[in-house]
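There are 2 protein chains.
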Amino acid sequence: MRRGDALAYDLYYWPGLPGRGEYVRLVLEATGAPYRDMARLEGPGCGVDAMMAILRHGHGEAFPLAPPFLIDGATLVSQAAVAAAYVGERHRLAPEDEAGRHFARSVAATTADFVAEAHDTHHPVGISLYYEEQKPEALRRAAEFRDSRMPKFLGWYEKLLRRNSAGYLVGAHLSYADLGLFQTVEGLRYAFPRRLKAIAGDTPEVMHLAARVAAHPRLATYLASERRLPFNEDGIFRHYPELDGD
Amino acid sequence: MRRGDALAYDLYYWPGLPGRGEYVRLVLEATGAPYRDMARLEGPGCGVDAMMAILRHGHGEAFPLAPPFLIDGATLVSQAAVAAAYVGERHRLAPEDEAGRHFARSVAATTADFVAEAHDTHHPVGISLYYEEQKPEALRRAAEFRDSRMPKFLGWYEKLLRRNSAGYLVGAHLSYADLGLFQTVEGLRYAFPRRLKAIAGDTPEVMHLAARVAAHPRLATYLASERRLPFNEDGIFRHYPELDGD
Numbered sequence: 001m002r003r004g005d006a007l008a009y010d011l012y013y014w015p016g017l018p019g020r021g022e023y024v025r026l027v028l029e030a031t032g033a034p035y036r037d038m039a040r041l042e043g044p045g046c047g048v049d050a051m052m053a054i055l056r057h058g059h060g061e062a063f064p065l066a067p068p069f070l071i072d073g074a075t076l077v078s079q080a081a082v083a084a085a086y087v088g089e090r091h092r093l094a095p096e097d098e099a100g101r102h103f104a105r106s107v108a109a110t111t112a113d114f115v116a117e118a119h120d121t122h123h124p125v126g127i128s129l130y131y132e133e134q135k136p137e138a139l140r141r142a143a144e145f146r147d148s149r150m151p152k153f154l155g156w157y158e159k160l161l162r163r164n165s166a167g168y169l170v171g172a173h174l175s176y177a178d179l180g181l182f183q184t185v186e187g188l189r190y191a192f193p194r195r196l197k198a199i200a201g202d203t204p205e206v207m208h209l210a211a212r213v214a215a216h217p218r219l220a221t222y223l224a225s226e227r228r229l230p231f232n233e234d235g236i237f238r239h240y241p242e243l244d245g246d
Numbered sequence: 001m002r003r004g005d006a007l008a009y010d011l012y013y014w015p016g017l018p019g020r021g022e023y024v025r026l027v028l029e030a031t032g033a034p035y036r037d038m039a040r041l042e043g044p045g046c047g048v049d050a051m052m053a054i055l056r057h058g059h060g061e062a063f064p065l066a067p068p069f070l071i072d073g074a075t076l077v078s079q080a081a082v083a084a085a086y087v088g089e090r091h092r093l094a095p096e097d098e099a100g101r102h103f104a105r106s107v108a109a110t111t112a113d114f115v116a117e118a119h120d121t122h123h124p125v126g127i128s129l130y131y132e133e134q135k136p137e138a139l140r141r142a143a144e145f146r147d148s149r150m151p152k153f154l155g156w157y158e159k160l161l162r163r164n165s166a167g168y169l170v171g172a173h174l175s176y177a178d179l180g181l182f183q184t185v186e187g188l189r190y191a192f193p194r195r196l197k198a199i200a201g202d203t204p205e206v207m208h209l210a211a212r213v214a215a216h217p218r219l220a221t222y223l224a225s226e227r228r229l230p231f232n233e234d235g236i237f238r239h240y241p242e243l244d245g246d
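So the protein lines, in turn, are chains A and B. The numbers in UniProt numbering rise by one with no breaks, and the one at position 236 of the first sequence is 236. The numbers in UniProt numbering rise by one with no breaks, and the one at position 85 of the second sequence is 85.
Some hints here could point you the wrong way.
It does not matter which identical chain is meant; a pair holds if it fits inside one copy or across any two.
[To be verified] Below are the DMTMM-like pairs computed for lysine to aspartate or glutamate, each with C-alpha atoms no more than 25 Å apart in a straight line: (1) 152 with 246; (2) 135 with 147; (3) 135 with 233; (4) 159 with 49; (5) 159 with 61; (6) 159 with 246.
Quick caveat, the hints were computed from the structure, so don't treat them as lab data.
Please model the complete structure; the sequences and the hints are all you need to start from.
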């Protein structure tokens, strides 16, 4: 484990929705590393205003385009997959061998793509418009996502899990890549419950991994706590029944 | 510089289009590292068949969901931003300080998001359908991309460049993050020439960086060579004039 000069990691993400921030928060929770969930805290230097100030003025030479981002002393890391890897690699929640370490980064980046596609089912035209303003497009995109993209991505994770006798996506131990898959399965379970139920039997190892992650002692405690934000219709994974198919 | 046990990097990407593979290829070319562009070569173990075999059967414990991917001995790295960082960090084409190194990864991941949004202007519903089958949706999404997303991303790069007196996105030297911005600007110049021309004056540092990258000695040689694939309508950046606005 190596750390910067801060006492705790500072995570910045929108309060009120799990979103992409949860992909970093889960890793922090699983490691047990001290962290502050800055935009959800009140007081000087905290809150959404503090997050917006960093988005406007940066941190050292770095400033992010968007949340989530993580600050560790002088280091600012943005992009959920990059920040999750940053924390995971510092706290033994990543493969230790060189090849595994790099492939885990690849897997997390692929999960970020999957998450973006899930988001775009309700916002296929763009984020400057409400869902209701792009519903015909959303119905078409969601059909493609359910029929083609969900089986493709989930089938790929399934193959990775079946190849690895340890039952993880990469390496001999739980890693941040597995936590990302867990969160994505939970998101799909919320947003596309009918579709996931229909195809979950094709990817039993994926479903088994999700259950194992949920049973991880630190994560089980976290998931039962008020720190865990519920999915909702402000987030990436939204339950609009009409997008979940017939 | 540290390397695996291979004599050369093996890059795998679809022949015939620059696509996401170009984000890795540019870094390889700029470093001067030996590499083989496997799917564009003929002979045993080469060609698209060889790429498909790895997509089906993997490389060691790893296998990628999609090209591009890079093989370096026992290591397989997929996802353009992750593979570009992998090469850049091994060949002094990345910031050397810890904070810069991590923020460069964040920047490259953000560029990958921008590229995905550029792609989705012509495929807003999904990749299983032709452009002609999703043209009404494409017209709406492209308008949002031109009016909102292009200025947002380009303006962010501009701010990063203005903060850094060295004139690079991150750190004191050219990095793979800069090469990614160059390729993206070139793609926009091809796909959205009218729109880019209209807003280029708002981001002079971005345009200046793109020109500097093009003048890099190794890259200038590469860009004039037959190894550089032209943009075309099979790729991510496609020139459909109707998507470039009025």
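Okay, the hints, checked on the actual structure:
For the identical chains of this complex, residue 152 and residue 246 are intra-copy neighbours only, at 20 Å inside a copy versus 37 Å across copies, given an alpha-carbon limit of 25 Å. For a Cα distance limit of 25 Å, the shortest separation of residue 135 from residue 147 qualifies both inside one copy, at 18 Å, and across copies, at 21 Å. Within a single copy, residue 135 and residue 233 get their C-alpha atoms as close as 14 Å, which meets the 25 Å cut-off; across copies the closest is 28 Å, which misses it. Proximity of residue 159 to residue 49 under the C-alpha cut-off of 25 Å is restricted to the inter-copy arrangement: shortest distance 20 Å between copies versus 44 Å within a copy.
In the homo-oligomer, the alpha carbons of residue 159 and residue 61 lie at most 25 Å apart only across protomers (10 Å), although the nearest pairing inside one protomer, at 41 Å, exceeds that limit. For a Cα distance limit of 25 Å, the shortest separation of residue 159 from residue 246 qualifies neither inside one copy, at 28 Å, nor across copies, at 47 Å.
Of the numbered hints listed earlier, the single one contradicted by the structure is hint 6.
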